[in-house]
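Engineer: So you can see what is in the structure, the chains are spelled out below.
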Amino acid sequence: MSAEMANEIKLISGRSHPDLSDKVAKRLGIEVARTISLNYSNQETSFTVGESVRDEDVFIVQSTATGDVNEGLMELLIMISACRTASARRITAVIPNFPYARQDKKDKSRAPISARLVANMLQTAGANHIVTVDLHASQIQGFFSVPVDNLYAEPSFLRYIRENFNAEDCVIVSPDAGGAKRATSIADHLNTAFALIHKERPRPNVVGRMVLVGNVEDKVAILVDDMADTCGTLVKAAAVLKENGAKSVLALVTHGILSGNAIETLNGSVLSALVVTNTVPLGDKVERCPKLRVIDISPTIAEAIRRTHNGESVSYLFTHAPV
Amino acid sequence: MVRNIVVLGGNSHPAIVESVCNILALPACNRILTKFSSGESRCEIQDSVRGKDVYIIQTGFGGNGSKLNDHFMDLCIMISACKTGSARRVTAVLPLFPYSRQPDLPYKKSGAPLFKGGSENGSKKDYTFESVPATPAPNVPRSAGLINGTDITSRLAKTTLGTTPLPNGTSNGTMSPVRPTNGDGSYFAGNGLGINNNTSTQSIIGSYTTHDYENVSHVGAFQAKPGYKQWVAQAGTLVANLLTCAGADHVITMDLHDPQVQGFFDVPVDNLYGRPLLKRYIQTHIPEYKDAVIISPDAGGAKRATAIADGMGIEFALIHKITDRQNASMMLVGNVSDRVCILIDDLLDTGNTITRAAKLLKKEGATKIYALLTHGVFSGDAISRIKASAIDKLVVTNSVPQNEHKALLGAKLDVLDISPIFAEAIRRVHHGESISVLFNYD
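Residue numbers (the working numbering), protein chains in the order written: chain Z, 1 to 323; chain R, 1 to 442.
Just so you know, these hints were derived from the structure itself, not from any lab.
Careful: at least some of the hints might be erroneous.
[Said to hold, decoys possible] List time: in silico BS3-like cross-link candidates among lysine-lysine, alpha-carbon distance up to 27 Å:
hint : chain 1 : residue 1 : chain 2 : residue 2
1    : R       : K67       : Z       : K236
2    : R       : K393      : Z       : K105
3    : R       : K67       : Z       : K285
4    : R       : K406      : Z       : K285
5    : R       : K368      : Z       : K106
6    : Z       : K199      : R       : K67
7    : Z       : K108      : R       : K35
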């Protein structure tokens, strides 16, 4: 590390979320590296590198756009592989929303554990380090044999709640049993009450019956979850909370995947607001859904990149959100 | 009836799966293979694969509303699912191997405008880790150098060569690369380079390009750093590694563009040949074949074409591409006047090479032109290009779905069925018999 210019951060952006990469680059005070991804007319992805990454510390920011997960993933793998062949010193894949995170177990016979496959693929392509935000199951970190930094949106959510609400008036609600831990952690930090909704799920993307455990009467009920996909769960949960006397209901969700008819579902729901982070490119959804609010997660990601590069501890970011 | 064998088909080419299963006299494995609304692939294998010899057929072709990368990921997920489902052996059968042909370097015959903005000034140059503040300061201009008021559009317009639109007016609609569509729609968001999309509606007719990145107007504002020669990532090795990483124990494919791709794998690869089929077609469907000339449209395919010419004892000619600084031109090595020409190549993508070759052959006095290719991808505006070309008969195999192409090209296109070859290869691999007989049967 004697040479002064050697081993800088090279921030490479995929096509999926250039807005996030730009924000991260701006925070870091650097430029996004000159690369371009295109699709050939035969649909194969091409990745052109326009500057040297030799011996540099490469960070590849690639989210996965809703509906185009495989496209984004393939592009990421090609980018990683290209940087490895170009002699990058270290390649960190910054994947704010980890693809296939929900396919993390063999829940029925011959079900693919696609999350593990993705983990293996990233390592095969040549990733030396993974940075992600709010993994659906933190056990996914165990699928990797390289370091995984799982950042949390929680500090950003805490700040949002403190800035916008009186914590005493709030109840933190987990829309399912699986998210109870995430929700209790927020409730503990705010020193507020906690409630849980129990649901039955007959098939994926279909929501069954719901039961509220806890009291939300005359309170602002804040639903907390890691991802909002079709929003069926959230909207039903919100209705249950309203029926149980909640003053208003809003939802704080890390990954706003918002697929299918999510926007229409949200617009017609009793939710007063859905607050998401910008881990997933939202496109025109913000315009189409007046209830959607976006928290910028790029300061946390940028700081994690800076700390990773400088060899500083990242754990401070688990409890604090950079301003 | 072959026992203990499971044939699992992807979504890319249901017809060949069905046909292979019919030949092997067994039903295709039941599976659910769709997408969740989030865009993630959903795969459930409904028949047991425990202890079975599994063959997964998925070709490297996207079209008819499906995407190549989706198919490839589906394949990896299916392989992985079979592996975790205790399959004894998983063989990936890829009639057309994806990412097998990646051009080497971006070839810019016009010499794309080198962007000589003062991009090496400002924050970037002085940036070291020592100088970065502990808390990064916002509002630092991200790309001070790029905002220098240069209108790159006018530069691009000047350097674009022939700007004649295509005769049938299809221009680039289908041919243009997929530009980023999220965010504000611009890859270089907010760098102030007002890129005018009008430039991308021109297609360079005077150049021999088969891929879009070679067209400067498609690449838009992208410029390599001064002094750095940009390069394109080669995904061939990666794809090979990903298949092995997913758990493939064996790979069967056909007419790899580069046979060296076999060396990328740590597992056995059987590269079948479409050559015998093409040969048989020549012998049975071209009456005057004894006096015909086999043509290779480029130097790279010479070996492939000579193999056929030698095997049948007919003449051979080659088209040589000359690229000097300003122009690319084609030169015929050999004589074709008053002869029937048979163009041989492995892959038809945008059809540029083959149609150009046909034009040259016609000019040189060829009476009739056949074009025989193993893989007919027909991407971009290949169909309309072929329609307008001097090719009298085009012959491809069904390594990718050809129904749509056949409907569009009609009698001009003949499709050869490769499913018997794959079925036989699967049967032989399963029984541990030699498949080398498949390489040179006539």
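Engineer: The structure should be examined with respect to each hint, and the outcome stated for every one.
Structural biologist: Against the structure, the hints:
1. For the hint pairing K67 of chain R with K236 of chain Z, the CA-to-CA distance comes to about 34 Å; that exceeds 27 Å, so the pair is violated.
2. Using a Cα cut-off of 27 Å, the hinted pair K393 of chain R and K105 of chain Z is violated, with the two alpha carbons roughly 52 Å apart.
3. Between K67 of chain R and K285 of chain Z, the direct Cα distance comes to roughly 24 Å. Compliance with the 27 Å bound is thereby established for this hinted pair.
4. At most 27 Å may separate the alpha-carbon atoms for a hinted pair to count; K406 of chain R and K285 of chain Z exceed this at roughly 40 Å.
5. Distance hint between K368 of chain R and K106 of chain Z is unfulfilled; the C-alpha atoms sit about 59 Å from each other, more than 27 Å.
6. For a cut-off of 27 Å, the pair hint linking K199 of chain Z to K67 of chain R is broken: about 35 Å separates their Cα positions.
7. Pair hint K108 of chain Z plus K35 of chain R holds up; C-alpha atoms about 18 Å apart against a cutoff of 27 Å.
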